[in-house]
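Line by line, the protein sequences give chains A and B. The opening residue of the first sequence carries number 1 in the numbering used here; numbering runs sequentially from there. The opening residue of the second sequence carries number 1 in the numbering used here; numbering runs sequentially from there.
One should not assume that every hint holds.
Because identical chains cannot be distinguished in the list, a pair is counted as satisfied if it fits within a single copy or across any two copies.
As a list, the in silico EDC-like pairs of lysine to aspartate or glutamate whose alpha-carbon atoms are at most 16 Å apart [to be verified]:
hint, residue 1, residue 2
1, K76, E173
2, K44, D137
3, K76, E183
4, K80, E117
5, K2, E173
6, K44, E141
7, K80, D190
8, K76, E119
9, K80, E104
10, K76, D190
11, K80, E119
12, K176, E29
13, K76, E140
14, K76, D57
15, K2, D58
16, K80, E142
The hints are simulated quantities; they were obtained by calculation from the structure and are not laboratory data. On a predicted model such as this, the values are computed, not experimentally measured, just so you know.
There are 2 protein chains.
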Amino acid sequence: MKLYITLYSPYARMARIMLAEKGLESATETIIARTREIGSPYYKINPSGRVPYLVRDDGVGMEDSQLICSYLDHCKGSPKFMIPQGNAGWELWRLEALGRTMVEGASVWIRELLRREEERSPTIIDHEQRRLQRLADTWEEEIDNPLMHGQINMVQITLACALQLEIWNPEFEWRKGHPLLVEWLNTISDRSSLSTTEPPGPLSK
Amino acid sequence: MKLYITLYSPYARMARIMLAEKGLESATETIIARTREIGSPYYKINPSGRVPYLVRDDGVGMEDSQLICSYLDHCKGSPKFMIPQGNAGWELWRLEALGRTMVEGASVWIRELLRREEERSPTIIDHEQRRLQRLADTWEEEIDNPLMHGQINMVQITLACALQLEIWNPEFEWRKGHPLLVEWLNTISDRSSLSTTEPPGPLSK
């Protein structure tokens, strides 16, 4: 298989974490895609130009981090990351969506910082900052949920990817007033699949 | 149940379509949320401020259109929109992701048009236009897939919501050179769940 990524995409990171969790690194060629470039050869591979993108062994390509993670989970051994049927499933999915909305907010902010200064919107940056503070408050209350502890799952992976966007964007200061979240991230961030895929450092603006 | 929406969100539209498909309109109060306003009371209900957001009968709230659609599908009668196990499931999900990436691209473009003129980025608008043209080319080839015809499913709903964003943004001209897509949309757009949730007209910039 071939997995197309960029090093700064939190969504691509989820797929990279899944490769590590499932021991699929050697079965998969990981390729850094040239995104957001006019005429990039990558658009012949994935017309949307987004990452992650998985080209399966049968040649079919798929995007969407949730789909790719689920597919990889089924590629080797028994699936460990499936959403169960019934109430436990709705609860897991509800929390995954709550983690994903934090990834999305932090990503909008980062994309804004990557624009030319005169094309940035202070209103949008302020909007995303406020959104992320409210979400950190919500997660401080939710983090006691048993699904956030014990066996790793997509919610834990998603929330860790969200919070660690502070490495790209040091202005994303979610720690203050959220001691339980800080403690939770400390506990999980040493896990090998997370530490080996950590963002390398602040984005240059 | 209470479903929070805005009239211009394609993601909220998917949830409204599902209410209609499942005959759940009278069991659900649909409420227009005040999003993107500092201090909106809506943030006390959904801290992310996004739509759609479903508050279930047990008081628990959930965001994410895929989750909400799946939950609504299970609320009444037997589920009709589930992703099946195995190869048919991967194919359905792959196409759903391909539709969703088109919704996302068209939405980024519309959000750009809603910014103050001096804060818009011609580079980003050009990027999204090119992305959408490539995706329309891809869909012109995929539209023969049996999953795009016959019994309604989430892929068909998603692609229709993507293409009909032309109503909000008349500059989203995907029709030229894509006769099969035009024909496909003509066939599906009369369906009651789609026609009653159509965007009311072009966005004012």
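These are the hints, each one checked on the structure:
Taking the shortest Cα distances, K76 and E173 never come within 16 Å of each other, neither inside one copy (38 Å) nor across copies (43 Å). Taking the closest pair of Cα atoms, K44 and D137 come within 16 Å of each other only across two copies (12 Å); inside a single copy the shortest separation is 42 Å, beyond that limit. Taking identical chains as interchangeable, the C-alpha atoms of K76 and E183 are never at most 16 Å apart, the minima being 32 Å within one chain and 41 Å between chains. For a Cα distance limit of 16 Å, the shortest separation of K80 from E117 qualifies neither inside one copy, at 44 Å, nor across copies, at 48 Å.
Within a single copy, K2 and E173 get their C-alpha atoms no closer than 35 Å, and across copies no closer than 33 Å, so neither meets the 16 Å cut-off. Within a single copy, K44 and E141 get their C-alpha atoms only as close as 45 Å, which misses the 16 Å cut-off; across copies the closest is 14 Å, which meets it. Taking the shortest alpha-carbon separations for K80 and D190, neither the intra-copy value of 20 Å nor the inter-copy value of 42 Å comes in at or below 16 Å. Within a single copy, K76 and E119 get their C-alpha atoms no closer than 46 Å, and across copies no closer than 47 Å, so neither meets the 16 Å cut-off.
Taking CA atoms no more than 16 Å apart as the test, K80 paired with E104 passes in neither setting, with 25 Å inside one copy and 29 Å between copies. Taking the shortest Cα distances, K76 and D190 never come within 16 Å of each other, neither inside one copy (24 Å) nor across copies (44 Å). Proximity of K80 to E119 under the C-alpha cut-off of 16 Å is found in neither arrangement, the shortest distances being 44 Å within a copy and 45 Å between copies. Taking the closest pair of Cα atoms, K176 and E29 never come within 16 Å of each other, the shortest separation being 39 Å inside a single copy and 37 Å across copies.
For a Cα distance limit of 16 Å, the shortest separation of K76 from E140 qualifies neither inside one copy, at 35 Å, nor across copies, at 34 Å. Taking the shortest alpha-carbon separations for K76 and D57, only the intra-copy value of 13 Å comes in at or below 16 Å, while the best inter-copy value is 39 Å. Taking the shortest Cα distances, K2 and D58 sit within 16 Å of each other inside one copy (11 Å), while across copies they are farther apart (43 Å). Within a single copy, K80 and E142 get their C-alpha atoms no closer than 23 Å, and across copies no closer than 32 Å, so neither meets the 16 Å cut-off.
Hint compliance for this structure: hints 1, 3, 4, 5, 7, 8, 9, 10, 11, 12, 13, 16 are broken, all remaining hints hold.
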